[in-house]
Every structure is written in C-alpha cells, then in structure tokens.
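**Q** Residue-level listing of the chains:
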Amino acid sequence: MSPKTLYDKIWDAHVAHEAEDGTCLLYIDRHLVHEVTSPQAFEGLRMTGRTVRAPDKTIAVPDHNVPTTLDRANAETMTEDSRIQVAALDTNAKEFGLHYYPVTDVRQGIVHIVGPEQGWTLPGMTVVCGDSHTATHGAFGALAHGIGTSEVEHVLATQTLIQKKSKNMKVEITGKLAPGVTAKDITLSVIGATGTAGGTGYVIEYCGEAIRELSMEGRMTVCNMAIEGGARAGLIAPDEKTFEYCKGRPHAPKGAQWEAAMDWWKTLFSDDDAHWDKVITLKGEDIAPVVTWGTSPEDVLPITANVPAASDFKGGKVGAAQRSLDYMGLTAGTPLSEVEIDTVFIGSCTNGRIEDLRAAAAILKGRKIKEGLRAMIVPGSGLVRAQAEEEGLADIFKEAGFEWRLAGCSMCLAMNPDQLSPGERCAATSNRNFEGRQGRGGRTHLMSPAMAAAAAITGKLTDVRTMM
Amino acid sequence: MDKFDTLTGIAAPMPMINIDTDMIIPKQFLKTIKRSGLGVNLFDEMRYDDNGNEIPDFVLNKPQYRDAEILVAGDNFGCGSSREHAPWAIKDFGIRCVIAPSYADIFYNNCFKNGILPIALPQEQVDVLMKDAEKGANARMTIDLEAQTVTTSDGETFSFELDSFKKHCLMNGLDDIGLTMEKAAAIDSFETAVAQSRPWV
Numbered sequence: 037m038s039p040k041t042l043y044d045k046i047w048d049a050h051v052a053h054e055a056e057d058g059t060c061l062l063y064i065d066r067h068l069v070h071e072v073t074s075p076q077a078f079e080g081l082r083m084t085g086r087t088v089r090a091p092d093k094t095i096a097v098p099d100h101n102v103p104t105t106l107d108r109a110n111a112e113t114m115t116e117d118s119r120i121q122v123a124a125l126d127t128n129a130k131e132f133g134l135h136y137y138p139v140t141d142v143r144q145g146i147v148h149i150v151g152p153e154q155g156w157t158l159p160g161m162t163v164v165c166g167d168s169h170t171a172t173h174g175a176f177g178a179l180a181h182g183i184g185t186s187e188v189e190h191v192l193a194t195q196t197l198i199q200k201k202s203k204n205m206k207v208e209i210t211g212k213l214a215p216g217v218t219a220k221d222i223t224l225s226v227i228g229a230t231g232t233a234g235g236t237g238y239v240i241e242y243c244g245e246a247i248r249e250l251s252m253e254g255r256m257t258v259c260n261m262a263i264e265g266g267a268r269a270g271l272i273a274p275d276e277k278t279f280e281y282c283k284g285r286p287h288a289p290k291g292a293q294w295e296a297a298m299d300w301w302k303t304l305f306s307d308d309d310a311h312w313d314k315v316i317t318l319k320g321e322d323i324a325p326v327v328t329w330g331t332s333p334e335d336v337l338p339i340t341a342n343v344p345a346a347s348d349f350k351g352g353k354v355g356a357a358q359r360s361l362d363y364m365g366l367t368a369g370t371p372l373s374e375v376e377i378d379t380v381f382i383g384s385c386t387n388g389r390i391e392d393l394r395a396a397a398a399i400l401k402g403r404k405i406k407e408g409l410r411a412m413i414v415p416g417s418g419l420v421r422a423q424a425e426e427e428g429l430a431d432i433f434k435e436a437g438f439e440w441r442l443a444g445c446s447m448c449l450a451m452n453p454d455q456l457s458p459g460e461r462c463a464a465t466s467n468r469n470f471e472g473r474q475g476r477g478g479r480t481h482l483m484s485p486a487m488a489a490a491a492a493i494t495g496k497l498t499d500v501r502t503m504m
Numbered sequence: 352m353d354k355f356d357t358l359t360g361i362a363a364p365m366p367m368i369n370i371d372t373d374m375i376i377p378k379q380f381l382k383t384i385k386r387s388g389l390g391v392n393l394f395d396e397m398r399y400d401d402n403g404n405e406i407p408d409f410v411l412n413k414p415q416y417r418d419a420e421i422l423v424a425g426d427n428f429g430c431g432s433s434r435e436h437a438p439w440a441i442k443d444f445g446i447r448c449v450i451a452p453s454y455a456d457i458f459y460n461n462c463f464k465n466g467i468l469p470i471a472l473p474q475e476q477v478d479v480l481m482k483d484a485e486k487g488a489n490a491r492m493t494i495d496l497e498a499q500t501v502t503t504s505d506g507e508t509f510s511f512e513l514d515s516f517k518k519h520c521l522m523n524g525l526d527d528i529g530l531t532m533e534k535a536a537a538i539d540s541f542e543t544a545v546a547q548s549r550p551w552v
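Heads up: the protein sequence lines correspond to chains C and E, in order.
Residue 37 is where the first sequence starts when you use our numbering, and the numbers rise one by one after that.
Residue 352 is where the second sequence starts when you use our numbering, and the numbers rise one by one after that.
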C-alpha cells in the first residue's frame, strides 16, 4: 500500500461515493449546529419536505447570541432578533430530535468546546459545523472544518458533503517552547509566517516535539486557527494524551467498543514516507510571546517589537498595512509594549478552556487589574466555569477585578451585548482582529490568555515574561 | 438556484486584499432567520457612517457603480467566517460574479450554492480588469461561463479555470441536495458498513 498522511487515511475511510471526476460524497460522523448559521437550513428542509437523516449524529447548542451576564435567564437581556434566533434553534432541535444543550443546561457553551467535552469529537471522525472554527476538533486527529448554511442543509438531509480532496501540508514545530510561550503563540506565529492565504487549498497536519508536548487544550488552540491561515482544516495525530482525554467522556465508546476504537485510532498517523505538497518548519525555541498589531491575523509580531510601517511591506500589503495602522490608531515605530488598552477579553473557542483560565489565573493571582479597565473572563462552557470555580480560579479573577461570566462566544464576535465601542482597544484571546469584529470601530489585539492577563494588570500590551 | 450562463455588466473595483466576511456583512446582520434582504447591508461599515448615511467615496455608493453586477477585488477575498450571509448579501445587492486572485475556501464554496460565480485569475490579469472596472459604468465586462472567459470593455479576453462539477451545477442551476439524494443507495451501504467496522460512530 502506498504511504498515506493522516488526512489521506481519514478521507479514505469516509468516501461514500466517488464520481469519475474525483468529486466525492464524504460521510459526516458528527454535525454540530448553532443558532446563527442553521435557521435557513432547517427552513430549507421544511420547504422541501426533507428531514434530518442522522439526528443521533447531530448536536445543537446556542452560543453566538447568548448573553453571558449572570442575569441572562431574563429574556430582556437579549435583543428581539437574537431571541428569535435562539428560539428557532430550540424549536428545530426538538422538532428534528437532535442532541441539544439549551442555554439553561450546565453543559451549554461554545459548540467547539462542548463537542470535545462531551466526547462527541473522537479521533478519525469527520466533523463539520456551520462555523469556520470547527477546525478546533482537528486536535483529536479528526477531519473537521466549517461549512456554509447550504452545506449545513446538505449534511442535515444526507449526512454527507460534496467534496474534492485538499492537498497535504505539514507544519512542524521542532524543539521546546521557552517559558511564557504558549499554543496561541505557536498558531499565531505560523499564520505570521504563512500569511492568511498560505494554507488555502490544504489540510494542515501540525507535528513536531513542541506540538506533542502540548496538552489537548493547547492542541485545540493550535488547530482552531488553522482557518485563519486559510487551510480547510488542521489536524494533529492522536496519541496517549488524546486517548486519555476522550476516555470516560459521556459519548465516548466504552468497553469492547473502546478497545475496537483504540485499535483503529492507533493507526491514525502519517506514514514516514507519505507525500507532502508543502512543508513549513518553525523552531519552537524561536517562537516568542506575540501580539497582533493590525486587522489581519497575519499581522503578528513579538511583543518586544515595534509597530511596523506600511513601507515595510510589499505589493497589496502596503495599502492594507496603512489601512490597518489608520484603523488601529497606531504610529509606526511605537514599541508594542507601550500601546495602551481599554478592555481585556479572555475566552472564545480559541482560548476558553480550563487550561487557558489556569494560565490567566497564574498571572492574576494576588494582583489587581489597572484601574478603569474593563476586563471579562468568559468560560467556554458551563462545565469549564464550574471547574474554574472548584479550582478557586474564579475567586482569583474576581479579586483581580475581572467580571466572571457565563459561557458563550461573547466578545469574540460581539453578536451578544458584549461589544467594543468605536476606538476602544482590546487585548483579546480570540481569533480575529478584523475591522469591526468586536464592535464597530473597535481595535483588537490578539494574544494568549497569559499575555491578556498581563495586559490587564499594566493597562498596556505587556510581555508576560516580565511577570512570571 | 438561479442559472448562470453569460453576464455582461458593470464591474466595481475594490483594490483591497483580505476583504473578510466581517467587512462583507457585519455580525449584527447575521441575526436574521431568512436568506433575503441583506443587500442593503452589504459592506455596511464601509458603506454607511455612524448615522446610517451613505459614505459617498465608497465604490458601491458612487453613481456609476450602484448597479454593479461584477466585483473585482484583491487577494484572499472572503476570508474569515463561514457565514453564507456574505454571498447572500452580495447576491441580494445584485452582484453575480466576483473576480479576484484568490478566495478563502468556505466563501468560494458558498458562492456556488447561491448562483454566484467566483473567478480566480492571476494578479496581473486582475490588475488589467481592475483598471477596466475603474473606467466606470460605460465599461462593461462580459463573463461567459460555458467558454470560461472574461472579456474587458476593450475586448481583451482572459480564460479562467473552474471545477467541471461546479460549472455544471452553476450552468444548470442544480440543487446539490437533490443530486446527492440520487446516490442514497451508496450512502445507505456506506452507513451499514461503518455500523460494523466503526460501531462507536
């Protein structure tokens, strides 16, 4: 048999039909659904008299619109249109018999955090969701990617997707990370190196010692932002850490089925002489704590650097960089560590897991946030919130001056009431720094939870290594 | 889905790279449960000021481009989220074709589900088309999907590549789900086989 990559193996195991031109029907093992990109798909089913083919493989949870304030049980905390959208998911989940975690369920949270937490996401699976950050689930060695609403409808109706295979790209992070450097710094640095279109047409497999050393939480952070590098999906081969994480989860297999699953999962790695269409290698030792300065996730620099000038770039990026600098209100040559912030947001499907909260708490313990700053921590799920409370992290956050919120997407995309005002500058652990992303005119700097915590204390973008 | 065969229309120039889905349709308009009516909010934050008044400098607010049916843009068009509201807004505005050097994957796929043709051409050719678009309303481009060509107002023609299945669906306005349902037997037998080999799924 010819050598295969991990992606090749998962792909081959899911082709239900292949046409002569190579167009495939890829079988989908798990379909995650949230309230924003699904109402039109369910409406489409109704209009055509179709139904959900595999409701037992379809998991729904509201996350984008839901308020994260403690009073969210009060319907007035949501706008009318948000209420309608959440109510539509409620109705659709019940009518079509989906697995459903409503806002009132302690297991509710961001769909990409709930899926792994509940054991829905397992190695070797195909996982899709009407959300680009579905890439997160690749951390389990699952082929996971975002789809549009028409494709959501297609998966609901047929449990398949019409696909052509992507190319294989290997991103290797060799060696060890220096203290203060995290999974977020890896994933941002990779995007900084490849650009936001560098992965277009590829599925990325992340590998190397620095990736192997990451926890499952860290691996999810890395894969989460594969989409920001343009890739269809990002994957990491499953290993003992993966199996350990999955074991005992509510929807993970048990007993003999677990053993059978393990037999297959242990074959899920790229063969030594597999073909790669593109290879990128970064040295773990060279990666610094980074922040973004502009309005594209590729605008990444070490915190020790200065704001660049538009003239530092080439081609179409010159104009884009100038537009970014104007939008961000930054002057070329300013040390990034002198940029003052107004808001800190710790959370999102990129960095809303327990390890992220521990990292933030380690910096915040015994310290106070800068006076006048708005700072919030939004756990990725109700269970993450409960665990953080049990571990005493919530007390550290509250004592430091952070708001301690309920679970949801929150200020990552600001569809709920958590938004930036025009000109407001935010240190955020989320995944996109696009213009207007966190609110019209809002200015976003992406970074790790530890870096965001450090920024909360000083009120400026800050090198976390000075606080460790 | 609407069929796409040929299109002759006004092309609006947007010489920016990385035009993301948050620019195309900001999140406050994702709260709809319908597919229609988003055209008025296409490029909302670039198109209107804080009071909702049109910003005259924005290309689609200029008299010569208000009826544009083609958009010429920079690299990595449609990057960002999976929101199909982006192509819905583009289509609802009246744009049926986007021309750029490259696209983000999910946006590209979403276009075909909505009767929009995203054409990828080398940067040098997009530069020529951008200049042509900058001439305004009197310069109309022609797209011929069957022949896979774009022709400028001066008659210069460029050929573009396209997946044959996507082309077939777009030209005939085919519904993907209907096509896949015809292969239900293959899906059934795949499911039966997997129930044996990977019962935990």
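Worth double-checking, as some hints may not be accurate.
Pairwise CB distance ranges (calculated) [as the list claims (entries may be wrong)]:
(1) C:THR303 with E:ASP401: 56 to 62 Å
(2) E:LYS354 with C:LYS434: 57 to 63 Å
(3) C:SER457 with E:GLN415: 32 to 38 Å
(4) E:PRO366 with C:ARG248: 41 to 47 Å
(5) C:MET298 with E:GLU512: 40 to 46 Å
(6) E:GLU512 with C:SER457: 25 to 31 Å
(7) C:LYS302 with E:THR357: 51 to 57 Å
(8) C:ALA422 with E:SER548: 49 to 55 Å
(9) C:LYS302 with E:ALA546: 18 to 24 Å
The hints are simulated quantities; they were obtained by calculation from the structure and are not laboratory data.
If you're wondering where the values come from, they're calculated on a predicted model, not measured in any experiment.
Just so it is clear, CB atoms sit at the ideal spot from N, CA and C, and this is done for glycine as well.
**Q** Next, verify each hint and record whether it holds.
**A** These are the hints, each one checked on the structure:
Taking 56 to 62 Å as the suggested C-beta distance range, the pair THR303 of chain C and ASP401 of chain E conforms, at roughly 57 Å. Judged by the Cβ atoms, the range 57 to 63 Å given for LYS354 of chain E and LYS434 of chain C holds: they are separated by roughly 59 Å. Between SER457 of chain C and GLN415 of chain E, the C-beta spacing of about 35 Å keeps the proposed range 32 to 38 Å intact. Distance hint for PRO366 of chain E and ARG248 of chain C: a CB-CB separation of about 44 Å, consistent with the stated range 41 to 47 Å.
For MET298 of chain C paired with GLU512 of chain E, a C-beta distance near 44 Å keeps the hint of 40 to 46 Å intact. Taking the beta carbon of each, GLU512 of chain E and SER457 of chain C are about 45 Å apart, not inside 25 to 31 Å as hinted. As the Cβ distance of LYS302 of chain C to THR357 of chain E is approximately 54 Å, the hint placing it in 51 to 57 Å holds. Remark: the range hint 49 to 55 Å for ALA422 of chain C to SER548 of chain E is contradicted by a beta-carbon distance near 37 Å.
Between LYS302 of chain C and ALA546 of chain E the CB atoms are about 21 Å apart, so this pair conforms to the stated range of 18 to 24 Å.
The earlier numbered hints that this structure contradicts are 6, 8.
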